[in-house]
Amino acid sequence: MQTTIGDVKNYLNQKITSMAWQRIQMRLLPEFNKRGIFLHAITDSMQIDRDLMAAINTAVNTLYNESLPSEFLN
Amino acid sequence: MSIKILRGEFYPDRNAYVAAGEPAIFHCHHYNSYLQAVLLDASSYIDGIETLLADSAQEIAHTQFKAFYGSNSLNEEERKKAVEDYFKFAGFGKIDLKGIDATGGVVETSSDHYGVAFKSKFGINKKPVSYFTCGYLAGAIEAIYDMELGSLEANQDLCIGKGDEISRFTIIRSNNRKNKLIASQQEGNYQLHSLIQPDTTKVDYTAIRQALTNMPLEGAENTGLIDAFGVLLTRHYANYYCNISYGFLDLFTTQMGIDQIEIAKELMTEAGHVCAFNTFGGIMQSNEWNAMIKPMLSSKEDWIHGITAVVNSFGWGFWEIQELTDEKIIMKITGGYEANAYLGRYKEKPSIPISFLASGGVAGLMNLVYVLDLPGRTPVTLDENLYREISNKPEFFKAKQLKCRALGDEFDLIEAVKG
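Chains H and B, in that order, are what the protein sequence lines are.
Residue numbering for the first sequence is 618 to 691, as defined by the numbering used here.
Residue numbering for the second sequence is 451 to 869, as defined by the numbering used here.
Derived from the structure by calculation, the hints contain no laboratory data.
Incorrect hints may appear among the rest.
Claimed, not checked - Heads up, simulated DSS-like pairs for lysine-lysine below, C-alpha to C-alpha not over 30 Å straight-line:
hint : chain 1 : residue 1 : chain 2 : residue 2
1    : B       : K778      : B       : K744
2    : H       : K632      : B       : K454
3    : H       : K626      : B       : K848
4    : B       : K782      : H       : K626
Only chain B is shown next, with the shape it has when bound in the complex (with noise of 0.2 Å):
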């Protein structure tokens, strides 16, 4: 029986959601719009990031695309709906591709993650920005008409994100294309492993991940957005992340040098803080939380329990707390995202430890419970103003990432120490 539409499912052995063979994982408007904030800072002097951005996701999309039309027998506009109907789930916005051919074509639309991202966060951009919604657009339609992977291109004039009132992508053949795109490494480097119920708590692990791995958390029929927690989700691509930032890491090196590579590390990780801020600040204070975890809580220390069991259904791999003060924490990750795409993309090593989400997210579920003290404060609104207030604390928590799989451990694991 064919299948037409493409949903993918949640694996609790791997915790992690595989769509197509293409793993998906929950992440907020602040991180995707700041980590590309960040890798466009150094745009002016290395070459070839913007193309990064657009190619990272046509090579997952055309992947993901052609794996699933490979698996299932669809027409072309069997096809063109799959591509639509998935990035409305995804939370990407909405997109039409009545226009298109196998020769491109015009998309427009009204509602792009992207350019809602950073209009939201950063205002009006003087560029567009949405380079994950052309590469999108050319992966998939490559593969609604069985093209090699990098045959076509988008472009993009008009941009949300830049104040227009759509975002307007012209897709074209790619006839001068100087670099050679690589299919996504799909799941990487997979481990397998179960969830694990800590003794000193009385918050359900497993419970708390059964409910949430089944929320109809997808985006809306008008606008192809998931509005949940006070933040605009996405179940991004987990090698999205991984892809940009590791190929940003390349280029970066590669153009001035390993002395300084310090810098982006700091920022990457700085974007997975900006996420853990928001996106776990948003959920502690979600009705959801009131209604099935807090009754878990009776103290501070629940309180992360509490919120790493909510990670635990991210897609994220399996975050452990091994040890737990108000000083400090110590986070176990097996199958971690970032190590699976890692090691399922390079066959060297980094040079630096590469968890730079997970660093910024256990830092920064840290800094919510014991400097802002979430817990004693709820409701409150998380922005800028106590983002700064938080940050210039003298005990804010800062993070280090002691085992790292792309570095030969066995599993990840991040310290974040007060102060």
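Here chain H stands alone, though its shape is the one from the complex (with noise of 0.2 Å):
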């Protein structure tokens, strides 16, 4: 089954910190934008390529030194 935003959203949050959801979107907005994802009409439901998680991961890893877990990424 494929990742959700909502799945990101809530594990980064929850288990990393308060609104490191919206500091990966900050930081990644061209990439959200270039798959037709623009944060004012954002749903949880919405799937995240491989590509996609692939950068979010590296931006998890960047600003917190942390890793999505695998289940994410594969």
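Dock chain to chain to rebuild the complex, using the hints, since each chain is given by itself in its own frame.
If you want it as structure tokens, here you go:
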């Protein structure tokens, strides 16, 4: 089953820190936008493709020295 | 008589510290570093953010020291001393300008607030982080030598924030500047008001403000840092926060569109919340709080009044509680520094309410008292785990700005509601 925006958002804000998801969004905004995902219209059920998930993981690593769980990345 | 050092004074009728025309406010290293970090999050795709961070400081330092030297006749050495001394007084660190002349030079320091702050909050950074210090040095040195704003620029190679022993800044003539710098708006559109004592609490607002505005909070002699209440405090420039925040909004909306502005608003408000959690939380556990304020407190509502009274000594304008229950607060802010600065700088109204720090701060004080239950749990260690714990609770307070002076209202009004 493909990982959704809601899965990643909940994981980051609950396990990493408050507003971690928002910082990732800010950091990767062009990546979201080029997939047709715009923040004013974003929903938790939207799915995240493999490349975007890899970019999110890199940003999480850069900002928080953490990695997303493997089930999100496989 | 010539005054050789710059300090400024507190103006009770506007709840503001002003030094040579420039409003100064208290903020902690958590806010300083978090706000800069979230702005830099967009720097890979928005041009001009790093420049904005340095230029804003340069505009303010130049304006301030030009005003100071204009009313005080000082020689070159005395001017340099005033710049070094104010940097230390404000908690920005220690600098030595002896190697500087009108063509620039090199400044090295083993104590720089932004470098120390970033390292403390985020660990080792990959790039230098002291954009503020770059701008401060360039602007102040221009003023020392009666040069035009924008004549110099500063670059940083070594940085405490990226693990170097020292921070090093090279100041050079600016020959290829693309952007025009603008003098600081100084006090902007400030409001006169008076401190009102609420009749629902025994917390003595006037006594607390009187005591705190007279506390000797200034950088230590050896480090130039203000280590107080468990944080590194600064007597920072109100206009610096505002000009980097609103300048960022301009860059963001120009390049990414207005529709996605909510993310910027959320993160700048979060910076205020982080500030409240750490600074208000630290103050509410301090010796000063326990000795002076705690004896006045008999309920959680009193704790909210106590910290609101403290806020009225920060230079943030007048904070008055309009409504308070364990589920909601409405805070009226008169002469808030965010609106003062916005109205002093911009002709156009903003597209959204702009009191981000105040919004985060109001929610933050409710979360400390009602969600964390600081009155019942103190002493607690205010760390990332605790912050995550309270922010994930369903009763976590969130803020909304109901009125905004920059949008034409008479004052700012912030509501924070549970859940």
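Hints, one by one, checked against the model:
For the hint pairing K778 (chain B) with K744 (chain B), the CA-to-CA distance comes to about 23 Å; that is within 30 Å, so the pair holds. For the given pair, K632 (chain H) sits about 52 Å from K454 (chain B) by alpha-carbon distance, which is inconsistent with the 30 Å threshold. A hinted pair counts as satisfied when its Cα atoms are at most 30 Å apart, and K626 (chain H) with K848 (chain B) qualifies at roughly 18 Å. Taking the CA atoms of K782 (chain B) and K626 (chain H), the gap is near 33 Å; set against the 30 Å cutoff, the hint is violated.
Consistency with the previously given hints fails for numbers 2, 4, ordered from lowest to highest.
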